[in-house]
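Peer 1: One-letter residues, chain by chain:
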Amino acid sequence: MIFLLLLAAGTARAESIVLGLSQNQVSITATFDGQDILIFGAVSREAPAPAEEGELGVIVTVEGPDLPVTVYRKARRMGIWVNVDEVEVDTAPAFYAVATSAPLREVLRDVEDLRNSITLPRAIRSVGARVEDSTAFTEALIRIKERQDLYQSRIGAVDLQEETLFRVSFELPANLPEGDYTARIFLTRDGRPIDEASAKIPVQKVGIEQWLYEMSQTQSVFYGLLSLALAIAAGWGASAAFAVFRR
Amino acid sequence: MQIYLPIAEVSVDAFLLFGLGGLVGVLSGMFGVGGGFLITPLLFFVGIPPAVAVATSTNQIVASSFSGLLAHLKRKTVDLRMGTVLLVGGLVGSSLGLILFNYLRSLGQVDLLVSLFYVVFLGVIGALMFVESLNAMRRAKLPPGKRKPRRHHNWVHNLPFKMKFRVSGLYISVVPPFLVGVLVGVLSAIMGVGGGFIMVPAMIYLLGMPTKVVVGTSLFQIIFVTAYTTMLHATTNQTVDIVLALLLIVGGVIGAQLGTVIGLKLKAEQLRILLAGLVLLVCGKLALDLLLTPSELYSISGPGH
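Chains as they are written, first to last, in my numbering: chain A, 1 to 247; chain B, 1 to 305.
Okay, chain A solo, but in the shape it has when bound (with noise of 0.2 Å):
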C-alpha cells in the first residue's frame, strides 16, 4: 500500500509540463482587431508514458481579469420591456476561454473541475445574489459572453500530438478588456490533474489609447476641454477648407 502511493506520487512528477506561448503580452494598439495567441508545449517524462493509468489529457484556459457584473432581466411593465430583476455577480472573468484535448469529462473529473474552477460555469461565483433563480442570471451571463466570444468553450481544440506535443490557438476578440491575464495548463491522466503550469499574459492599451484613456479618467476636465478644442478646430478648419476649395 505504501509502495503503490510513492509510485503514484513519483509518476506524478515523472510527466511534466514545458511551456511556450506565441506572445507573453497583447497590446492593444488603435487598430486592434481582436488576436490569435498560440500555446504550446511538451510533456517532458523521464520514464516512458505510464498508458495503464489511463488517457493523458491536456487542458488550457485563457482568464481575463475579474470584474463584478451587474445582470438585468427583463419584463414587461405597462407595454414596455423594462429592467426589472437584477443580481451582482461578484466574480465573473472579464474573458475566459477553455479548451481540452478531448471531450471534457475525459480529461476531467467533476471534483477535480471543483477543485481548480477550470471549466466556465465553476469560475463564476455569484455569492449572496437575493434573487430566486439566480443561476438563471449566470447562465444568461455566459450566454451573453458567449455571443461576444468573450466566453469560449472549446472543447477539442488542443491538439496533442504523440502524447507529447500539444498547442492550441485562442482568438482574442476586438472588445477584449485590459488587465493581467492568466493562463493555465493542466496536464492529467485518468481525468486527474497531475501537472500544472501557468502564464501571465498583460493585456494593456499601447500608444495614443492607453494616452487618451489614462487622461478620460486622471485629467478628465482637461481632457473634457481638448475633446471640446479638438471639436471647434476640426469643424471650423473642414469648412474653412471647404470653403478655400469652393472658390
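If you're looking for bench data, these hints aren't it; they were derived computationally from the structure. Fair warning: this is a prediction, and the values are worked out from it, not measured in the lab. The beta carbon of each residue, even a glycine, is placed where N, CA and C say it ideally should be. No false leads were mixed into what you were given.
Derived DEER-like restraints, expressed as beta-carbon distance ranges:
#	chain 1	residue 1	chain 2	residue 2	range
1	B	K267	A	E146	48 to 54 Å
2	A	A136	B	K285	24 to 30 Å
3	B	V131	A	P202	55 to 61 Å
4	B	L288	A	V206	37 to 43 Å
Straight line, CA to CA, 25 Å or less: simulated DMTMM-like cross-link-like pairs of lysine to aspartate or glutamate:
#	chain 1	residue 1	chain 2	residue 2
5	A	K200	A	D113
6	A	K74	A	E139
7	B	K285	B	D13
8	A	K205	A	D36
9	A	K205	A	E146
10	A	K74	A	E86
11	A	K205	B	D13
12	A	K74	B	E296
13	A	K74	B	D289
Here the structure of chain A is known, so what remains is to put chain B in place on it, guided by the hints.
Peer 2: Okay, now just chain B, sitting in the frame of chain A:
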C-alpha cells in the same frame, strides 16, 4: 479599417463611423438641422454603449454648430441677450438632466430613459412635421391667398420680469425663454442633442421672435449648452470618446457641405416631408425595441459600460 475606440472600448470600422457622420451631415445640410437626434440612435445601432453615444454626440454638435454660428455672428443675426437668457436656462436644464441621467444609470435604467425620450420626442416632432408639410404641399397647389399674421398677443406677454430684446424687437418676460432653455438643456444631457428642433419652433411660435434671428440665436445657445454638457459627461462619467467624436465631426462637416448643395435642388416641402419620414422611421425602430418581446431578456453591465 477597424479602429479601436479608447473610451467606448469597442473596435468599429472607421469608414462606417466616417460614413455615419457624413450621412447625418448630408441630412443636416439638406434640412438645416443639427442632426444630434439622428446620430445618437445610429450610434446605438452600431453597438456604441448608450452612455458613450449620448456624451460623444454632444461633443460632435459643438463642432457642427461652430462654423454656422460664426456665419450668423458675421451677419449680425444673433440676439445675444435672448441667447444668454436661453443659455442660463440651458445650463440649469443640462445640470438637472445629468443628475437624472446618472441616477438612472446607477439603477441600470439609463437605456430605457434615453429610448423613451427619443420615442416620445421623435414621435411628436415627426408627426407634427409630417402633418405640417402635407398641409404646406396642399396649400402650395392653391392660388396664393391671405396668410394669417403670425404674431399675436398671448399669455406669454402677461408674465412678470419683462426685458427688452432689441435685436428681436421684443419686450417680453424672461420666464418663457428661460423655461425653453431649461427644457432644451435637459434634452441635451439625456438625448445627446442640441435641441434646435424644439427651440426653433418655440422661439417662433411661443416667443414670437423674427425668423431671421432664430437660427443664429439657437446656435449660440446650443454651442454653449452642448459644450457644458460635454464637460459634465467627461468629468462625471468619463464617457466622451474623443476618437469617435473626431471621426463623426470630419465626416459630418464634409457631408453638410454636400447636403447644402443637394438641399438647394429640392423643394422645401419635399425636404420637410422626407425629414419627417426619417424621424418617424428612427422613432419606430426605437419604439419596436421597447414594445416587442426581446430575443434576449437579460443584459449585462460592468464597470465602464
